[in-house]
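Protein sequence lines, in the order shown, are assigned to chains A and B.
Numbering of the first sequence is given in numbering that gives the first Met the number 0, commencing with residue 0 and proceeding in unit increments.
Numbering of the second sequence is given in numbering that gives the first Met the number 0, commencing with residue 0 and proceeding in unit increments.
Hints listed in this document are in silico derivations from the structure and should not be mistaken for laboratory results.
Predicted model, so just to flag it, every value in this text is computed and none were measured.
Wrong hints could be hidden among the right ones.
Claimed, not checked - Ranges of calculated distance between the beta carbons of each label pair, as one might list FRET restraints:
| hint | chain 1 | residue 1 | chain 2 | residue 2 | range |
| --- | --- | --- | --- | --- | --- |
| 1 | B | N29 | A | L271 | 20 to 30 Å |
| 2 | A | M149 | B | E513 | 56 to 66 Å |
| 3 | A | Y428 | B | E333 | 56 to 66 Å |
| 4 | A | L112 | B | T80 | 24 to 34 Å |
Note that CB positions come from ideal geometry on N, CA and C, so glycine has one too.
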Amino acid sequence: MFKILLFVAGLSMGPAVLAADMKTDAVMNALTKELDRSFTGFKNAEKTPLYYLSYEVTESRTYYLGSKMGAINSDSGHTSRKLDIDLRVNTPGLDNTHQVKGDYSWTSRSQTLNLPLAVDENEDALRARIWEYTDKAYKKAQENFTKVNMNKAVTAQEDDPSPDFSPSKPEVFYETVTLPEMDKKLWRGKLDKFSARFADTPFIYDSGVSLTAETKNRYLVNSEGSRIKTGNNYIRLSFSLASRTTDGMDLSRGEQYDGASYAELPSEEKVLADIDRSIAELKALKDAPIVDPYHGPAILKARAAGVYFHEIIGHRLEGHRQKIEEEGQTFAKKLNQKITSDIITVYDDPNIKYFRGRALRGYYRYDDEGVKAARASLIENGVLKGFLMSRSPIRDFPASNGHGRHSTGRPVVSRMANTMVEASKTVSYPELRKQLIEECKKQNKPFGLVFDDIAGGFTNTGRWGPQSFKVLPLLVYRVYTDGRPDEVVRGVDIVGTPIASLSKIMAAADDPDIFNGTCGAESGWVPVSAVSPSLLLTEMEVEKSQKSQEKPPVLEPPLHDK
Amino acid sequence: MKKSVIYTILTLCALPCALWAGAVLPENDNVFKAMKDELARSMDKLRMDSLAKPYFLDYQVVEGRSLGITAGFGAVESEYTAPYRRLRVNLRVGSPAFDNSNYAPNMWEGCRVEMDWSVALEDNYDSLRYSIWAATDKAYKKALETHSKKKAYKESKNITELFDDMTPRPPYQLFRDAEQETLDSDLWRENIRKVSAVFLKYPAVKYSTVRLNFRSGDARFLDSEGSAFKRPDCLGSVIIEAKAYAPDGFPLSAGDEQYFCLAKDAPGVDKLMEKAEEAAKRLSGMDRSVQIKAYIGPVLFEKDAAGKFFDYFLVANLSNPREVWTTPNNWSSEAVYRRPGALVERLDMRVLSPFLNVTDEPSERYFEDKPLIGYYEVDDEGVPARKLNLVGKGKLLDYYMSRAATRDFKKSNGHGRADFSDYASGSPSNVFIRPEAGSAKVLPLEKLRKKLIDVCREQELEYCLIIRGLDNIRAPFAAYRVYVKDGHEEPVHGLEFTGTSLRALRDIAAVSKEMNVYYPHWSTPGSIISPSILVAEMEVKKTDSKPEKIPYLPHPYFAK
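Please take these sequences and the hints and turn them into a complete structure.
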C-alpha cells in the first residue's frame with residue numbers, strides 16, 4: 000500500500016518531477032549517452048548497417064531467508080545490475096536475429112550472457128562496461144548476419160515471410176519501485192515457527208519454509224527514442240514438505256503466497272492452518288492407492304485448470320512459435336476457428352496487478368522490448384482470435400502486444416504474463432461435481448477424477464517430438480458414482496494432445512482462483528499467473544507417473560527414534 | 000595465545016574399527032553433539048535389509064561468513080555477504096581393503112561425498128541432527144550402490160594389484176578456539192573501488208576487474224574411529240585482472256593475486272594500488288609487442304611464472320596418487336576418472352635438477368611476512384599434518400598421501416585434503432623449492448638475467464625469452480625477448496610451448512637467490528615458494544589462436 004501511495008504521489012507532482020529524476024539517474028544517463036554514441040558510431044562501421052539498438056538494465060535487489068525444522072538455514076542478500084543488448088543490423092525485413100535453418104532459432108541472437116554492470120551510481124564505470132559489451136554484441140551481430148544471408152540464399156523459402164522486427168512507438172516513463180526494509184527479526188521468528196511445525200511428523204523426510212523478497216527495476220532505452228524505467232516487487236512466502244512411499248514414490252505438498260508488499264502475505268494463523276492441512280494431505284497421499292492409467296471424466300480445480308491452460312495452449316499461442324521452422328505450429332492456421340468449448344474465453348493481460356485483492360506475478364507496465372503491456376485476446380467464446388506477440392511479427396500480426404519477455408542474459412521471445420480464463424456460463428462447484436458424477440454414469444465409469452493441485456507441467460511445442468503435454472498433479476481424488484466418500488489417489492500424470500484435450504471442456508464453475516508461478520522457456524524464467532475457474536472435462540487421460548527407485552529413509556527421523 | 004586441547008590416542012583401533020571410539024568433545028557444543036549422536040546411531044543401527052552396514056563414517060561441518068566485492072573502473076559491480084554452514088558426509092561400506100571410495104560410477108557423476116549446503120545456521124540441535132540424518136541416509140544408499148558397481152568393475156577386469164582404500168591410523172583429536180573474523184565491508188568496498196579506479200589512468204587497459212573474496216569460520220570433524228577436530232577455516236583473496244590488445248589485436252592480460260587467511264594479513268590498499276599500477280604499466284608497455292614465429296633456447300621464468308612452472312610440472316604430478324576408476328558407458332569410453340600424478344611412479348628416481356630440494360610444510364604460516372595459505376594442523380581425514388621431504392638433491396623421496404594406500408606407501412602422511420564435495424586425496428599445502436646450500440647455481444635475479452644472455456650468446460642466438468606472467472602452461476602467453484647484443488627487452492605475444500615434458504624439471508640450469516610466493520589455483524588452498532628459474536632449453540611456437548578485432552569505438556572515458 001505504501002508503495003502505491005508513493006507512486007500516486009509521484010504522478011501527482013507532474014511530469015516535470017519525473018523528468019528531473021530521470022535526468023539525474025546515472026544509469027539512465029549512461030545508457031542514453033552510450034546508446035547515442037554507439038548508434039551513431041556503429042551505424043555505418045561495416046557494410047551491413049546497424050538499424051536498431053536497445054539496452055535493458057535489470058536492477059535486482061533480492062533477499063532470501065530459509066528455515067528448516069525450527070532453525071534458520073539460509074540468510075542471504077544480493078544486489079545486481081545486468082545489461083541486455085538487442086543489436087540489429089541490415090533491415091527489419093531481414094536481420095541478424097533471423098533463424099539460420101538447421102540451427103536452433105535462438106542461436107542467432109546477438110547476446111546470450113549475463114553482463115554485469117556497476118551497482119554504484121557511477122556513470123563513467125557504467126559506460127565503460129556498456130561500451131565493452133556493445134562492441135562484442137556488434138561483432139557477433141555482423142558475424143551472424145553473414146550466416147543468415149548465406150543460409151537464406153541456399154535454403155527453401157519460409158512458410159511465413161514476415162519480417163524479423165516490427166516498429167514500436169517510443170515510450171517515456173519513469174518510476175522507481177522500492178520496498179521497505181524487511182523486518183528480519185520478525186520474519187526469522189515466523190519462519191522458524193512455521194518450519195518447526197513439521198518436526199512432530201515422522202513421515203516428513205524433507206521440509207522447508209522460505210521468504211524471498213525481490214525488488215526489480217528495469218531500464219529500457221532504444222534507438223527509437225524509448226526511455227523507460229519501471230519495476231515490480233515480488234515477495235513470496237512458501238513452504239514445502241515431502242515424503243516417500245515404500246514403493247519409491249516421492250510425494251510432496253506445499254503452498255506459495257505471493258504479494259507485492261509484506262502486508263499482502265497471509266496471517267500466521269492462516270499459514271499454520273495451511274501447514275496442518277498439507278501435513279494431513281501428505282499423510283493421505285502416503286496411504287493412498289496407486290491409480291491405474293485411466294481416461295474418463297475429470298474436474299480440474301481452479302488453480303490446476305490455470306496450469307492446464309498455461310501448458311496446453313498458452314505456450315502454443317506464443318507468436319514466435321508460429322513461424323519458427325522447428326516448431327509444431329499447432330494453432331498457426333486455426334485463426335477464427337473453434338478450438339474449444341464456446342463458453343471459454345482466454346486472454347492474457349499483464350496490466351492486471353491484483354485479482355480479487357490478490358497480487359498477480361505476471362503484472363508489468365512495459366515488456367522487455369519497451370512495448371507497453373496490452374491485453375492479448377487469445378480465445379473468444381471458443382474461437383481462436385490471436386497470439387501473444389513480441390516484436391517478432393507473424394502472418395496477420397504485424398505488431399507487438401507487449402508480451403516480449405525474458406530473464407537477463409536470454410534473448411526475448413513472446414511469453415505469457417497473466418493468462419485469464421473466463422467462462423460465460425458457470426455453475427457452483429458442488430453443481431460441477433454433480434455434473435462429473437452424471438457424466439461418469441453416462442460413460443459407465445465407476446468414478447471420475449478431481450485434480451486439486453498441480454505442481455506444474457511441461458509441453459513439447461517442437462516438431463522433433465509428439466505435440467503433447469504433461470501436467471504433474473500433486474493431489475488427486477477419486478469421486479465415486481455410488482456415493483462412496485472421495486478417495487485420495489497417487490501416481491498419475493495428466494497427458495494429452497492440445498487440440499483433442501481442449502475440445503473436451505464441458506462446463507465451468509464460478510470459483511476462479513490464481514496460480515502464481517515462474518515459467519521457464521527458451522527466453523529464461525519469467526514470473527507468470529494463470530487465473531481460471533474449475534473445469535469439467537468429458538475425458539481426460541492419465542498415465543503412471545515417474546517415480547524414484549529409492550526407498551524411504553532406513554532410520555526414523557532422530558526425534559522419532561525413541 | 001589461543002587455547003588448544005590436543006589428545007592423541009596412541010593405541011591403534013582394532014580392525015574393522017566398526018565401534019565408535021568416542022572422542023572427548025568440547026562441552027556445550029550443540030553442533031558436535033548432533034554430529035556425535037547421529038554418528039553413533041548410524042554406526043549402530045543403519046542397515047538396509049540384509050545389506051552391509053557402514054564400517055566407517057565421518058562428518059565435517061564447515062561454517063562461517065563470507066564477503067565478496069567486485070569492482071570495475073572505480074565502481075562496485077557486485078557485493079554479497081552471507082553466513083553459511085555446510086555438512087559433508089563420508090560414509091564407507093565394504094571393508095578398509097575395498098570400499099565405495101576411489102570409484103566414480105560415471106564421468107558425469109564423478110566421485111563425490113554427500114553434502115548439504117545449508118544446514119541450520121543457529122546451534123539448533125534438532126534441526127542440525129535432522130539434516131545430518133537425511134544426508135547420512137542418502138550417503139548410505141549411494142555408498143551401497145557405488146560399492147556394488149565398483150565390485151562389478153573389478154571383477155570384469157584382470158586387476159592384479161589392489162591397494163587398501165582406508166589404511167589405519169591412531170585416533171587424533173585437536174580442538175582450536177576458532178574466531179570468526181570479518182572484514183569491514185564499508186572500508187573494503189572503498190578499497191576495492193580505489194584499486195579498480197587505478198585503471199582510469201591507463202587508456203591502454205580496455206577492461207579490468209578487481210575482486211575481493213573472504214570467508215572466515217571453522218570446521219568441525221568427527222569420525223567413527225574416535226578422531227575429531229575443530230580448526231579455523233578461512234581464505235581471502237584480492238584478484239586484479241586487466242586486459243588490453245597488442246597492435247595486431249591479440250588479447251593481452253596482466254594482473255595480480257594476493258591471498259591471505261587472517262584478516263590482519265589482508266593486503267593494504269596502497270600495496271594493491273601499486274600492484275594494479277604494475278599490471279597497467281606492463282600492459283601499456285606492450286603497445287609495440289609483436290608475435291614471433293618460433294624459438295628454441297633457454298627461458299627465464301621469473302617469480303610467479305616460475306611458481307606456475309613448478310605447479311604444472313612438479314606439484315600436480317606428486318598429488319592424487321591413487322587412480323580413481325570409472326565404468327565406461329555409451330557416452331564415455333574412459334575407464335579411469337582420475338589418473339595419478341605422473342611422477343608417482345618415479346619414486347627414488349631423479350626428477351629434478353640435482354641442486355634442488357623440495358619440501359611441503361603445512362605448519363608454515365608466513366614466508367618473509369607473506370601469508371602462506373596452505374597452513375593447517377590436521378588434514379580432512381583427521382590425520383595430523385606433517386612436513387614432507389618430497390625431493391632431495393633432485394631425487395623423488397615421497398609424495399602426497401591420504402589414507403588410501405598406494406604401491407609405495409600404506410599410510411597417510413597427513414596430506415589427505417579435499418574440496419568440500421570430494422573425497423580426501425593426497426594434496427599439497429606449502430611447497431618450498433630450495434636450492435642446495437652453497438650451490439653455484441644460485442644467483443641474484445639480476446645475475447640470473449645476465450646468465451641467460453650468456454647462455455644465449457653461447458648458443459649464437461639473437462635473443463632469448465623471459466616470462467614474467469603465465470596464466471597456463473598450455474595457453475598462449477606473452478613474454479619479453481632480451482637481445483644478446485645490448486640486453487634491451489622487447490615485448491612479444493601469442494606464444495605457446497610445444498613438446499613440453501617432465502624433462503623440463505631436470506633442465507633447470509640455475510635459480511635466483513630471491514624467493515617468491517605464488518598462489519596456485521588448487522582445489523585446496525596452498526602456496527608454492529620458489530626461486531625464479533633458468534631452464535636450459537624450451538621450445539616455443541606461434542599460437543594457432545587468432546587475434547581479435549580491436550574495439551570499433553574508443554573507450555568512452557578516454558574519448559572525452
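Beta-carbon spacing of N29(B) to L271(A) - inside the hinted bounds 20 to 30 Å or not: Once the Cβ atoms are compared, 26 Å apart, the range 20 to 30 Å for L271(A) and N29(B) holds.
M149(A) versus E513(B) beta-carbon gap, inside 56 to 66 Å or not: 58 Å Cβ-Cβ, so the 56 to 66 Å window holds.
Outcome for the supplied range 24 to 34 Å, where the beta carbon pair is L112(A) and T80(B): Check passed, 25 Å falls within 24 to 34 Å.
Range agreement (Cβ of E333(B) with Cβ of Y428(A), hint 56 to 66 Å): 58 Å, holds
This entry satisfies every hint, going by the numbered hints stated previously.
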